[in-house]
Amino acid sequence: MVLEEALLPLGCQLVRFAANTLDIKPCTGCSSCSGKTYGRCVIPDDMRQVVRKITECQALVLLSPVVFGGVSHHIKKVMDRIAVLGDPRYRMKDGELVKGIHVPSIRYYMIGVGDKLNEAEQRTFLSLHEENRKIMDVKGKAFILESGLDKGSLEKIAKEISHE
Amino acid sequence: MNKSEITLLCASPRRNGTSAILLERVRAVTGGEVISLPQRGPLEELILAMQKSETIVISGPCYINTYPARLIELLETASLAGGFTGQKLYGIINGGMPYMHTHHHGLACLQLFAEQNNLSWQGGFVLGVGAMLDGKPLEKHLNHKKVVPAFDQFVKHIEAGIPSPDSLFEQAQPAPGKLVTRIFARLLTFMVVKNLKKHGHDPNAPGFYLQEQD
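Just so you know, the protein sequences line up as chains A and B, in that order.
Residues 1071 to 1234 in the working numbering are what the first sequence spells out, letter by letter.
Residues -5 to 208 in the working numbering are what the second sequence spells out, letter by letter.
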């Protein structure tokens, strides 16, 4: 909520979903979205609404407590299901294979919340975002937020997200 | 190794995929029983089995650069339950990309879980290009000449109850060079496009959810 307060004065229109209140089932790995029902997930739940909104946005921000150097299972369910937006075709970038995403202009941010996170937890969290960003071939950044973070730091993060 | 001493957990929603095949290769040496992570419902029974084990081996696919959500839910629930007493934990993660760094977060995640919950992290094995196996034996892997002995060495480490270094899978699966990568990209894309056309889809069309906006 505090981050929203920092984003709104920058002219951002926000759409917020609370992953733990939605009916989002785990990805079953059926591969239908990259074959039989290309680009469409066959699971009928709230993720359809979330995916539609993501395709309309300029930035996607995933906010989660840092859990074992990653995100909570609620946010991970969302991440796994975002695969439906992935381009299944491969290409080369910086000498490595990448796949891309059907919303190529979207910027991708992850914010990990946690107090007294050790160096390994922080590094692992940031590495997850970097791997996501590379494989989707999008721009974006990850941040670590402590609960007592000052207003100035929050405004700085909000400015980066709003791409001011 | 006594059967009751080891829990072999398949974290894939697919019962006969690559994660299960790799775990079966472990089971053939260590004994024990492969348990599939239930995709819904309570997890307490499984956590109890993990707490009673001396060794836990978790094998799962790489979804968006780490293990699937349901395994993270298991780790969160197990962490809340507590009750671990130094169990040895090994991890296996497999994904489509040929790079170790693409999938390595899964092992780092398990290591942090172990360190925060009184388990003993013993290392793991990353298998690149694992998705192409699609449940076929490891001998069918593109790089089987190096990968099979490396994985079998990893299994010996589990059997002996000793740590397994990352260098084992890293040295067996060096990143492909630019030429191979280019060929790989074309070959894989050819297969993807062929599959899409078989199902009557235009690979160049905007995604389903973007079309809806038109």
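I should point out that these hints are in silico values taken from the structure, not numbers from a laboratory.
Only a predicted model underlies this, so the values are computations on that prediction, with no experimental measurement involved.
There may be inaccurate statements among the hints.
Claimed, not checked - In silico DSSO-like links for lysine-lysine, alpha-carbon gap of 27 Å or less:
hint, chain 1, residue 1, chain 2, residue 2
1, A, Lys1106, B, Lys172
2, B, Lys140, B, Lys130
3, B, Lys134, B, Lys192
4, A, Lys1226, B, Lys139
5, A, Lys1163, A, Lys1186
6, A, Lys1221, A, Lys1209
7, A, Lys1163, A, Lys1226
8, B, Lys172, B, Lys150
9, A, Lys1123, A, Lys1186
10, A, Lys1221, A, Lys1204
11, B, Lys130, B, Lys191
12, B, Lys150, A, Lys1204
13, A, Lys1204, A, Lys1163
14, B, Lys172, A, Lys1163
15, B, Lys139, B, Lys192
16, A, Lys1106, B, Lys139
17, A, Lys1106, A, Lys1123
18, A, Lys1163, A, Lys1095
19, B, Lys150, A, Lys1106
20, B, Lys188, A, Lys1163
21, B, Lys130, B, Lys188
22, A, Lys1106, B, Lys140
23, B, Lys139, A, Lys1123
24, A, Lys1211, A, Lys1186
25, A, Lys1163, A, Lys1221
26, A, Lys1229, A, Lys1095
27, A, Lys1211, A, Lys1221
28, A, Lys1209, B, Lys191
29, A, Lys1163, B, Lys150
30, A, Lys1211, A, Lys1106
31, B, Lys46, B, Lys130
32, A, Lys1229, A, Lys1204
33, B, Lys150, B, Lys139
What the hints assert, rightly or not - Residues from chain B shown here face chain A by an in silico Cβ test under 10 Å; the list is partial:
hint, residue
34, Thr60
35, Thr71
36, Gly100
37, Gln205
Heads up, the beta-carbon is just placed ideally off N, CA and C, and yes, glycines get one too.
Non-conforming hints, listed in increasing numerical order: Of the numbered hints given earlier, those the structure breaks are 1, 4, 5, 7, 8, 9, 10, 12, 15, 16, 18, 19, 22, 23, 25, 26, 28, 29, 30 and 31, listed in rising order.
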